[in-house]
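Spelled out, the chains give:
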Amino acid sequence: MSSSAKPADNLKYAASHEWARLDADGSITIGITDHAQEALGDVVFLELPEIGRVVKAGESVAVIESVKAASDIYAPVSGEVIARNDAAVDAPESVNADAYATWLFKIKPVDASELNKLLDAAAYHATL
Amino acid sequence: MQAPQRTPLYDAHLAAGARMVDFSGWDMPVNYGSQIEEHHVVRRDAGMFDVSHMCALDLAGADATRYLRHLLANDVTKLKTPGKALYSCMLDDTAGVIDDLIVYFFSPERYRIVVNAGTAEKDIAWMRARLTGFDATLLVRRDVAMIAVQGPQARERFWTAFPVARAQSVLLDNFQGTEWTVDGETWLIARTGYTGEDGFEVTLPADDAPAVWKALLDAGVKPCGLGARDTLRLEAGMNLYGQDMDERVSPYEAGLKWTVDLKDTGRDFIGKSALTGAHARPCDVRFAGLLLLERGVMRSHMKVHTALGIGETTSGSFSPTLNQSIALARIPAGVENGSEVEIEIRDKKLKARVVKPSFVRHGASQLSL
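Those protein sequences? They're chains P and V, same order as listed. Going by this note's numbering, the letters in the first sequence line up with residues 1 to 128, in that order. Going by this note's numbering, the letters in the second sequence line up with residues 1 to 369, in that order.
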């Protein structure tokens, strides 16, 4: 289903199947992995955090629902939510089409080095 | 743990890229890619399901009719035309639903019964124990496979694959089957299904199943998994045993009063005394459909807050046809269709409307509210 099924090298991964990318402006962009979308099946609903919400690493901040089941999405780092992908909310199937191109929300991190606690592509792949 | 059983089409599923799951002890395809696409293909064209995990039973004997009139809540004597089928609940003494099943009538001495996979062993034991005193035998047909071809183009595509079957099956009414003999083997071709669409359910020798599946594929019928089967039956408002009903509820609490036949007051079926008369079990709930009016997805076992008390969803999902969430639920008996209720989804209460539990039939929305 996805055009980029392999975990990408420029991303970090949580064992709970989120990917995170540190962008040039210092913010962190978050989505779910291809493995997660594959396991969920057709995604039909996304509930994303409000902009301005302050979140802690490991906190449940969003919900993704497929035809099959609901699943929590956890913040991989602590910080403030500064953007959410409303286009993905309107077209949840885009998560299935390309999980790495479909970001869900962005966090301005308190401490960007928290990213180092996440897994790299090889380590994440090994957990699957 | 016992290894899951495989149907004769197991290899065909793997070859088609199926994602397999354990369903009632059977290794079955949940989808072959996108469940929603499979759902739509059944509403718009033709899809097929391997339903060989369901269990076919042959009942034969001079007392076959008398036995079924005792065993089942629906009355098989309303079946007059050979091949006609009847949907019924099989109840225990307290009117709890042991299973729901389809029974095909061939003659007063011969019937075919199809029961659910997960309940088959329990059903067979129950049925055998009640054969005492009846001249009838029950034969378990694990030598057959079942393929459901469903959708507006299902029959045409089936006939494209099996042109010689057309003459015998073209005149079948809804809920009627016919035994078709091919190469000395008997198939049952029945105009039944579990999707709310037209189509056939075909029972055939297990050995022939892979070739038949292939022929249907070549005729343009798309393989569909249990995922799509579940959203299709939910849209059609059809109950799933073990989810919408089980031994703890009576057919009256599962929206199945229409299947309980009390016309012949002289007929004494198992569970009847718990449904009628002075010692009938109380029934203060009813079965209803729910349409979520906000974004989100209802699932089973969610609380339903109504003006008259709390109910519970029994099945819920996203309806690909209506593009919103639908559910089946047991709610307080006085809550009328059209009422607004609230569904507890995680930490929120979302608005839903109570509707008749039939959302989509023959490709079209049934919602008039």
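Just so you know, the hints here were simulated from the structure itself, not pulled from any lab data. Among these hints, one or two may not hold up.
Claimed, not checked - Simulated restraints on C-beta separations:
1. V:L308 to P:A122: 31 to 41 Å
2. P:V54 to V:D93: 55 to 65 Å
3. P:A121 to V:D207: 20 to 30 Å
4. P:D90 to V:F23: 43 to 53 Å
5. V:G338 to P:A8: 48 to 58 Å
Bear in mind the structure is a predicted one, so any value in this text is a computation, not a measurement. Just so it is clear, CB atoms sit at the ideal spot from N, CA and C, and this is done for glycine as well.
A quick look at each hint next to the structure:
1. V:L308 to P:A122: 31 to 41 Å: At roughly 58 Å between Cβ atoms, P:A122 and V:L308 fall outside 31 to 41 Å, so the hint is violated.
2. P:V54 to V:D93: 55 to 65 Å: Distance hint for P:V54, V:D93 holds at roughly 59 Å.
3. P:A121 to V:D207: 20 to 30 Å: violated (47 Å)
4. P:D90 to V:F23: 43 to 53 Å: violated (33 Å)
5. V:G338 to P:A8: 48 to 58 Å: holds (51 Å)
Figure legend: structure checked against the earlier numbered hints; hints not met, in rising order: 1, 3 and 4.
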